[in-house]
Structures are given as C-alpha cells and as structure tokens.
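Asks: Under the working numbering, think of the first position of the sequence shown as 1, with each following residue one higher.
Calculated from the structure, these hints are not laboratory results.
Treat the hints with care, since some could be wrong.
Said to hold, decoys possible - EDC-like cross-link-like pairs, simulated, lysine to aspartate or glutamate; straight-line CA separation at most 16 Å:
| # | residue 1 | residue 2 |
| --- | --- | --- |
| 1 | Lys166 | Glu132 |
| 2 | Lys166 | Asp196 |
| 3 | Lys166 | Asp133 |
| 4 | Lys166 | Asp220 |
| 5 | Lys166 | Asp139 |
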Amino acid sequence: MTPVERVNSDSPVDAVTSDDLARTRPADLHTRLDSHLTGAARAWLDQALDEAGTHPGTHGPISVWELRLAEAGRRCGAEHADAARVLILHAARADAAALTRVYQQGTAAERRAVLHALPHLVPGPDALPLVEDALRTNDTRLVAAAVGPYAARHLDPHQWRHAVLKCLFTGVPVAAVADLDRRAHADAELARMLGDYAAERTAAGRPVPADLHRVLTLTDPTATPPAPATAPGPRGTDGEES
C-alpha cells in the first residue's frame, strides 16, 4: 500500500493500490482485481465491462457504463471500486471529452478514478484541466491521484513545481508524485521555492515536513542524475499507455 493510502484510506492491505491503477496494464489489473472479488462482484464487473465494450462512447444523456461507475462501490466494495471504475473507463474507451464529463458530474470517488485512468486513455495533454482542477482542491486523495504518471508527463515545470508544493501543503506524501526523482533533479527554481517554504514554516514556529528535505536533496545538481523515464509505448502495450 502506498504512503498516501496508509494516511487517507480505510482499505485493507490487500486492495489494489493507487500506484497500480495508473501504472498497470488494464488486462493485468483485471486479473489482480478478480482475485480479490467475490463471485457476485466478479460477475457484475464482467457484465459491466462487456456493456462498456459493446456500447462505448456516449449514448443519450448518460451511457450505461457511466451508471456502472456509480454502482462500483456498492457492487465491488469501497476498497476495490477505484480499480473497477478504471477498468470500466478503459473498456468504454473513454476519450478526453467523456472523461471530462464524468469528472465534472461525478462524485469525488469517480473523479479519482478518472485521474487514475488518464495515463491509460489520453495520450496528449487534452485532460490537463482535470489535473489542474484536482490540484486546486484540498481533497488529499484527489491531489494524490492528480500527481500520477499523466501529470509527470504533461505538466509544465511551473505547474509541476506547484503540484509538489501542494503535496507538502496538504500532507500528501511526495512518494505519490510520479517521476519525482527525474523531474526534481537539478531544478534550481524548485529548490528556491522549497527553501522559501521552509523559511516561512520556521519563522512561524511550525515544523518543516520531512518530505521537503527529501525533495530538496533531489534538486542537488551534483547528485547522480536518475535514469531517463521509460518512453510511453503504443496504447495497450504497457502500464501507462494502455
């Protein structure tokens, strides 16, 4: 389980974790989720995925697969609902427009699933407004979902630095920030912002988060640069573009 989930979730340890949702191929995610579901929940999920695959896109004011997103918590259990929703979104081949509609109309849990699904479904920066919206909230689970692989790939340096600071402000462990080591390396502006934040906290008599020191260390230009991030593969062939 990720540090974020230990702080912000009442899910059992064996649940599929947030990191898995954004980085695991949907076929593998489905296999792992099946191993945790009861027979009735497994049957419901298979039916929901079949419906989404048969009738993807938008049909009428609301599609059948969108209704299934709302049912996922009740059918699969709260600890598995995020994974089920990500799989349904993938089966429906939801594009940026559909994901935006679901995000805008959905509950916090449905919004979180959309954010986890972005690296699977949106190859370009079209869905960045959803990441930006989540980063404006104080919902730590939304913030943690927003700083995953999609944000690492598409946020510009200014936005990304502020996303890291948002994690520090809200107490989201920086372990949730995808590709942190590479993007923080030798980033002098991020180092300056972290130093200013630490000085403000100290002046106010408040503790400096331990995670701040970790990120500050990563900005050191004399440190060994991390290996380049793996380039995204064709959609459907790896854990980020599937």
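Asks: All hints, please: hold or fail.
Replies: Taking the hints in turn, this is what the structure says about them:
1. Between lysine 166 and glutamate 132, the direct Cα distance comes to roughly 11 Å. Compliance with the 16 Å bound is thereby established for this hinted pair.
2. As the CA atoms of lysine 166 and aspartate 196 are separated by approximately 14 Å, the hinted pair is consistent with the 16 Å bound.
3. Taking the CA atoms of lysine 166 and aspartate 133, the gap is about 12 Å. The hint holds against a cut of 16 Å.
4. Taken as a hint, the lysine 166 and aspartate 220 pair is broken in the structure, with Cα atoms around 21 Å apart against an allowance of 16 Å.
5. A threshold of 16 Å between alpha carbons decides the hint, and for lysine 166 with aspartate 139 the separation of about 11 Å falls inside it, so the pair holds.
The earlier numbered hint that this structure contradicts is number 4, and it is the only one.
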